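There are 6 protein chains.
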Amino acid sequence: MNSLPKKVITFGEVMMRLSPPGYEKFAQANSLELVYGGGEANVAISCAYLGMKAAHVTRFPDNALGKAATQFLRKHWLSTEHVIYGDTMIGKYFLEKGAVHRSSEVIYEREGSSFSLIKPEMIDWEDVLKDADWFHWTGITPAISEGAAQCCLDAIKVAKKRGVRVSGDINSRDNMWKYGKTMQEVMPELVQDCDIVITSSRGIREMFGLGQSSDKFRVAAKSLMDAFPKIEKVVGKTRKSVSASHQQIQGKMWNGSEYIKTDTLNITPVIDRVGTGDAFAAGLIYGLLHYKSDMEALNFASAACALKHTVLGDVNLVSLKNVTSLTQGDTSGAIKR
Amino acid sequence: MNSLPKKVITFGEVMMRLSPPGYEKFAQANSLELVYGGGEANVAISCAYLGMKAAHVTRFPDNALGKAATQFLRKHWLSTEHVIYGDTMIGKYFLEKGAVHRSSEVIYEREGSSFSLIKPEMIDWEDVLKDADWFHWTGITPAISEGAAQCCLDAIKVAKKRGVRVSGDINSRDNMWKYGKTMQEVMPELVQDCDIVITSSRGIREMFGLGQSSDKFRVAAKSLMDAFPKIEKVVGKTRKSVSASHQQIQGKMWNGSEYIKTDTLNITPVIDRVGTGDAFAAGLIYGLLHYKSDMEALNFASAACALKHTVLGDVNLVSLKNVTSLTQGDTSGAIKR
Amino acid sequence: MNSLPKKVITFGEVMMRLSPPGYEKFAQANSLELVYGGGEANVAISCAYLGMKAAHVTRFPDNALGKAATQFLRKHWLSTEHVIYGDTMIGKYFLEKGAVHRSSEVIYEREGSSFSLIKPEMIDWEDVLKDADWFHWTGITPAISEGAAQCCLDAIKVAKKRGVRVSGDINSRDNMWKYGKTMQEVMPELVQDCDIVITSSRGIREMFGLGQSSDKFRVAAKSLMDAFPKIEKVVGKTRKSVSASHQQIQGKMWNGSEYIKTDTLNITPVIDRVGTGDAFAAGLIYGLLHYKSDMEALNFASAACALKHTVLGDVNLVSLKNVTSLTQGDTSGAIKR
Amino acid sequence: MNSLPKKVITFGEVMMRLSPPGYEKFAQANSLELVYGGGEANVAISCAYLGMKAAHVTRFPDNALGKAATQFLRKHWLSTEHVIYGDTMIGKYFLEKGAVHRSSEVIYEREGSSFSLIKPEMIDWEDVLKDADWFHWTGITPAISEGAAQCCLDAIKVAKKRGVRVSGDINSRDNMWKYGKTMQEVMPELVQDCDIVITSSRGIREMFGLGQSSDKFRVAAKSLMDAFPKIEKVVGKTRKSVSASHQQIQGKMWNGSEYIKTDTLNITPVIDRVGTGDAFAAGLIYGLLHYKSDMEALNFASAACALKHTVLGDVNLVSLKNVTSLTQGDTSGAIKR
Amino acid sequence: MNSLPKKVITFGEVMMRLSPPGYEKFAQANSLELVYGGGEANVAISCAYLGMKAAHVTRFPDNALGKAATQFLRKHWLSTEHVIYGDTMIGKYFLEKGAVHRSSEVIYEREGSSFSLIKPEMIDWEDVLKDADWFHWTGITPAISEGAAQCCLDAIKVAKKRGVRVSGDINSRDNMWKYGKTMQEVMPELVQDCDIVITSSRGIREMFGLGQSSDKFRVAAKSLMDAFPKIEKVVGKTRKSVSASHQQIQGKMWNGSEYIKTDTLNITPVIDRVGTGDAFAAGLIYGLLHYKSDMEALNFASAACALKHTVLGDVNLVSLKNVTSLTQGDTSGAIKR
Amino acid sequence: MNSLPKKVITFGEVMMRLSPPGYEKFAQANSLELVYGGGEANVAISCAYLGMKAAHVTRFPDNALGKAATQFLRKHWLSTEHVIYGDTMIGKYFLEKGAVHRSSEVIYEREGSSFSLIKPEMIDWEDVLKDADWFHWTGITPAISEGAAQCCLDAIKVAKKRGVRVSGDINSRDNMWKYGKTMQEVMPELVQDCDIVITSSRGIREMFGLGQSSDKFRVAAKSLMDAFPKIEKVVGKTRKSVSASHQQIQGKMWNGSEYIKTDTLNITPVIDRVGTGDAFAAGLIYGLLHYKSDMEALNFASAACALKHTVLGDVNLVSLKNVTSLTQGDTSGAIKR
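In order, the protein sequence lines correspond to chains A, R, U, C, Y and V.
Residue numbers for the first sequence follow full-length UniProt numbering, so the first one is 1 and each next one is one higher.
Residue numbers for the second sequence follow full-length UniProt numbering, so the first one is 1 and each next one is one higher.
Residue numbers for the third sequence follow full-length UniProt numbering, so the first one is 1 and each next one is one higher.
Residue numbers for the fourth sequence follow full-length UniProt numbering, so the first one is 1 and each next one is one higher.
Residue numbers for the fifth sequence follow full-length UniProt numbering, so the first one is 1 and each next one is one higher.
Residue numbers for the sixth sequence follow full-length UniProt numbering, so the first one is 1 and each next one is one higher.
Check before you lean on any hint, since a few could be wrong.
The list treats identical chains as one, so a pair stands whether inside a single copy or across any two.
Okay, derived cross-link-like pairs now, DSS-like style, lysine-lysine, Cα gap no bigger than 25 Å in a straight line [stated by the list, open to error]:
hint	residue 1	residue 2
1	Lys67	Lys321
2	Lys67	Lys336
3	Lys160	Lys7
4	Lys230	Lys161
5	Lys178	Lys336
6	Lys336	Lys92
7	Lys336	Lys240
8	Lys119	Lys161
9	Lys75	Lys92
10	Lys67	Lys53
11	Lys161	Lys130
12	Lys119	Lys67
In case anyone wonders, no lab produced these hints; they're calculated from the structure.
Keep in mind the model is a prediction, meaning the values are calculated, not measured.
Next comes chain A alone, as it looks inside the complex:
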């Protein structure tokens, strides 16, 4: 491992996130807090805070709101030279934060967004990936539109060709696929060139019809690697939701030869639950690039995920030191002066 910072490229929609302040419900809100987020950009920003170079590729409307979204990415250290502009609507989601037995509620407004209207010819992946070490995508993107799915596939192919490592956080849900194709049709081609796949046993079963004989992650992961032999590691996490305010997290991985699991981290009270999976993915990328053992990498991913539960917004703003302190077992949260 050389000493230059690694460079991560991500691709996907970035949405305006609008939330009532604190624990207000939609019916009570007279203002909405405004940040931006999206599964893949969340990963890129998290990587940047850990010290890596990171750029995100996306498409925004060509207006003041699209500019403001780009400024959010720049502020959080991303390179935005590959952001493109066109059409008129930015994707949005409205988030009402829950507590204890009251669930958070999310309302999406993504149809017809500038990102959903993206076309493959708009991005020159050879240029984008020319000095990258890693490319990361998620299962949300191919569900958005045919154009988005094709862009994602192009990126993976170029990355593979150039020797850029590829990770996919591939969980998706049938009801997200509205443009005429199903996830069962689209995902196999995307997954086959991935080095690292983050998913669950249910995801493997639903998307690929694999691992049906058992609920166990280890079994499903093995069957996925049998079907797609280029995959090197299948990674997941077990989340127990004691309540909206109390979560428990454990990382797990099948790397083709052994099945490893982290200790469970207990998070109470939760400050912001959104983006914790993306923090896990970013931690995994960092870990695999910087640690020698899969166990260390997985511990790093779990600690990053746990810490994101304490950060407001979609993105994990904690530093490398925050994460390593937790991986070394310091759960005390004692004041740093």
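Take the given structure of chain A and dock chains R, U, C, Y and V to it, following the hints.
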């Protein structure tokens, strides 16, 4: 049970609630958050969010503050055609929210309020109750003034006559009765025509001198029903205050033939403790009107009560789906997308 | 004990405390919440809220910010007639509040502050202490500058001479001493005239080279009292940081004849961790002045400390009634109406 | 004129209005203030504050945001029994408030909104208009979609048939018509059954090709009434924008026999410019229903318009007394105690 | 004039002032900004900011809100040792800030307040006034209750006896007198021992039936001094309210030998109109105590009054330097670095 | 002029700007709004919003506050690759915003800041300026420290050598120079290699002892160009401060052959006065790089300056279109939809 939405009528004072933001103490506040609340209107609004029709009867000052209070009720789906206006002061309470071992503190300013000056002739209960299914009152109202007590009694009598079911959440405290009558004098006449009484063993003992032989709710409830034979069910709840931030709730009922109790619900951290009893009452009304068994109704009431602890303000803004999801055992608070 | 309120004098730097709202990180803040705090003034204010008279001696810049800091002290009931003004910078600290596994982070900016430039001739301690019952200082002050250390020593000597009781919360850290002297050089002279010392076994070991044979507080305290025979009581507390959001507190004291400990108080969730040690010191001063037994005083100190965790800002704003209610075992935080 | 309050019905899209606080630009906003507004609902609410009964007909998404929008209308005294729900997106506009030479900027997101997908069979206008005195529409609605245009035409025809007076604020812009029809095709049929038309000489020229010989409002208005003989009055206003912070307003009317103008009202500084035209329309409706002379009605409309410039949000919340005080010449804004 | 700071004593009710943020109307407010104010305390605080010693005498409820009000006075440099506590309600006023043609609206809630229940025996005026240079009262206080009027009269008599100069800002309105006495009965006795009276020609006419022959201030002032020969100066100001956002101020005085007027100061835009008369009174007191000529004193009063229009809240927080800079003709408001 | 965006480099301290919200005074603030600013970075950001490439060179502490300051620059489109980190304090200024006759007040805390401790060897100007078109500095920087002055001189020399155009906004004040050198000693060497100098007749007189015979800008400018013959244009502006809320601006230039002036722009009310001179400088840079005539460039500078008065914070966020619209005479501020 027919399919038209049921209509609930409530009567009582609505106060301006002024609270320092978050966990600020009175000595720190430079602004006060403003909502409105009152035991009975809280019940009506909760019923409205559960899908019932609901109207609240009250009296406000004839000024911009009285109008704003009415607008709060309208916003939260109440019919306000029976709100009357006069005199010059709106009742108020100041709430400093506590945490852990620090108690919340409440300062009331209700003396001389427009509501306390209400007179029986100001309300035409025949008109108010003409298409109602349920009338609900609380033990706070008769403590406010002779006029308020008389209005309450009139309402109960008209309701009984018209076949409208009557529930009373009758807990009261001696020190609230300042106009010359005691709760021991006034409450019996109000309670005798109720179908459902929500109270505690202590309330039964202090108000009616009943159930003195035992601390048990079941015993006290039985003695109350013996003394007031029109009462069909006596309902209560056990609250354990582990700390201001951690509460435990269990519903209980004596329905004349059996004593039933719900499981205990564990709420931590508490977002807003005020109005949780009113949420219980509203849940009970909904439950008794929509479920076949008392156990289902009581479970619904307890779940509604538990959920209110997570909602800011006096009133329970959760939906029917929120409550039924919890009654079906889902305590995970997992995100709804 | 006579019935006039006791008067407490404290001396030390008061800093502007600037914190991102709620759980925002520095990278997210678009405004900073502004209060003022400092270990010794926190003690004085806490004493004032408990009903004692209290004055704080400090030095601020002679500008609008120095005036505003003084106004903060006045608002919180302190006498500020001995505040002096000069030079141009107010000490500051920036506080990012953590949660669960994420630590709070503090950035100090105290170098060159008006307080650090204080000179002994600026304060007439005979006048300041003329009607005082108690003088309190901390180990932070002598670390700031030679002038501050000398002022502190002068105060202790005058207090001793006048029969004013003296307490020192003496914990300090090597890295705070930047002006050429070490804590090992300076602290002994300051400690020798103290009646009450608040410290830890580690503090005793590092500052005085005492108690090295054992980690036990009792052993270290005894060795300290052997070395400085005017000390009457050595007091400490055990804090267990389960997480940034969950703390456990227990008071302990060696009074020359017996070693006493309070029950452990469990605080979850923590609202504001800063200043809890100062609340303990203030509680101890109140307790020793108003209770007959050390055990009662120590219980009072622990309860005050626990309650501070629920109050925003540096200073403990709870009332005497709040504390005594907790010392009497009421941990329920039930609403006070 | 009888003494019962008049009832006004309006129809049109209600949008979520999201604005950076105060004078922040989009690039600075970390939260957005949330209110709701739309040209026609603004008129209805304004009428309600003036003491009339008012109901608004619109269509919202069937989710928590559609409910919240309805609650906004209810809070501001509208009857919402004719609000219908379906589809998934609420129309939006983002407003950045300008000052002096800096223009306010508005970004609309209305394509595909629940309102734009409205169909004529969704509304029973006979029922909606059964006890109405007045129906008001604007030129924005027929520009949104074929369905919206058809609903609007249906409403006007039913209103005419039932003797309900009809006003249309018909100004529109070519670039708003995107669904295949032009305003020149659609507007004549809508205008022909109106009693009152609010427009400008430019609007008359662009929409109907009338009044081209002169820029004068009087000439254009006369030609419009010649072409559409059922129109009784053509009303407009002259606005001089000295700067974004300083506006001047004058009402004008051709009523078939005389051309009247109000005095010019000078507004500086402007608090919120949006919705001032709607306040004018509402004032005109009130004036024509409650005053004997057109001059009085026009003065009332101008005063209402001027006052709206001082109210935050889309809707004019001033009372009848506020307006009449200004029509009587009191421009002092002296405190009312 | 010696060099010790002068000491001013004031007496009157201090109210909680609750205002919607910025230009929100009552119907829009979800929080209320909280400060405290009252005509006489406003004068005292203003004097303190100008460098004088000042103490305010008032009565608050004996609860956390009364304490918080006292803390407000302390923060703003007042001595509060003569504040007394009792009963349960703090006087309040709700302020909706207007703009341009929209008037500010004020709703008072003072009936039954702790101050209104004050009794003469509660205050030892000999003690209060023992080292005072000036006593100031206003015409609001005797209107509140018989007890308040009597306290005010006692204070004036003791002040006169001790040689403390007395000023009264005596404007009052008939509708404020509700306890059985009229201002015509009460005011003469209060005024007769004043050295300085601040009033208007209308006030003189309505309260004393004097100066009826002319609207001119000079004439009315002269007749007042004829009737009450101990008065040395009668002072007033001309305010022109161009709009709620634009005010013009001119001071005027009859000192028994000459009639003097200041230049007119033009204030646009107004930030907060409330308390500007009190700032004038405070400026007058300062001016008369520190300047040789009445003209200088009157200029100082007018400048202080003008500056108050730019300060939020009831009280004038500007410094001596701010005022003298304006009296020296610098109206530029140029940045001070 | 080619079509690639021009690149501007600036160098100087960036301070944390802390201001009470709105018109609050320091004595009222409970929070401080946080942005960042500095004369030179303000110019760079303004250039970036106008469409140019811009990078700022500065030094921040190596902590979370230094990172946050960098993030502010990145968010506003600057390249921050030449920002360096070290030492521990960020420069600060506290800004209390005035209104009408009340001046804004600024308190600086810059002594000992990380920027003031900068050393020439920390910056490789050849690298920084390698693809630059313009370098801009101000007279504040050489006043800060010897190191800062030397860095500035190095930059100018390298720029001159590489053919990068250099502008200096050279106004300074004697009392800013505290490190042992005077502005009279230091400025000549810095100015002699500038192409464009922004200053005033007073600045020229005080710094260089030139133009003493006349107050006229034209005369002083000519004498400056005589003394420093490499200067091509001397530019200034006339500001009339009618009040803190009302400013008038006029640009002026002597270009060696003619003296030109713009029309006066009238700004009322002012939203934020700070940074308006920097907006003028940025406008001038843009104008000279993009327009053929000095008159057009000067008009552009004045319009940019005027618009900044309406933008909160230090930096001018308006777009090219905003400025050109004003230069074309549209002062209406009409809404852009």
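**Message:** For Lys67 and Lys321, with the copy left unspecified, which applies at a CA distance of at most 25 Å: within, between, both, or neither?
**Reply:** Close across copies (15 Å), not inside one copy (32 Å); limit 25 Å.
**Message:** Please sort Lys161 with Lys130 into within, between, both or neither, judging by C-alpha distance up to 25 Å.
**Reply:** within (11 Å within a copy, 35 Å between copies)
**Request:** Measure nothing new, just compare the shortest in-copy and cross-copy C-alpha distances for Lys230 and Lys161 to 25 Å and report within, between, both or neither.
**Result:** Answer is within; shortest intra-copy Cα gap is 13 Å, inter-copy 56 Å.
**Prompt:** For Lys336 vs Lys92, is the C-alpha pair at or below 25 Å within one copy, between two copies, both, or neither?
**Reply:** between (36 Å within a copy, 16 Å between copies)
**Request:** Measure nothing new, just compare the shortest in-copy and cross-copy C-alpha distances for Lys119 and Lys67 to 25 Å and report within, between, both or neither.
**Result:** The answer is within: 20 Å in one copy meets 25 Å, while 36 Å across copies does not.
**Request:** Pop the pair Lys75 and Lys92 into one bin, within, between, both or neither, using alpha-carbon distances up to 25 Å.
**Result:** both (20 Å within a copy, 21 Å between copies)
**Item:** Homo-oligomer pair classification [Lys53, Lys67; C-alpha up to 25 Å]
**Value:** Answer is both: 21 Å inside a copy and 16 Å across each meet the 25 Å cutoff.
**Request:** Tell me, please, which holds for Lys67 and Lys336 at an alpha-carbon limit of 25 Å: within, between, both or neither?
**Result:** between (36 Å within a copy, 17 Å between copies)
**Asked** Is it within, between, both, or neither for Lys119 and Lys161, if the alpha carbons may be no more than 25 Å apart?
**Response** Cα proximity of Lys119 and Lys161: one copy only (21 Å, versus 47 Å across).
**Alpha-carbon proximity context of Lys336 and Lys240, limit 25 Å** = between (30 Å within a copy, 16 Å between copies)
**Request:** State whether the alpha carbon distance between Lys160 and Lys7 is at most 25 Å within one copy, between copies, both, or neither.
**Result:** The answer is within: 15 Å in one copy meets 25 Å, while 36 Å across copies does not.
**Prompt:** How would you classify Lys178 and Lys336 at a CA-CA limit of 25 Å: within, between, both, or neither?
**Reply:** between (49 Å within a copy, 19 Å between copies)
The structure meets every hint from the earlier list without exception.
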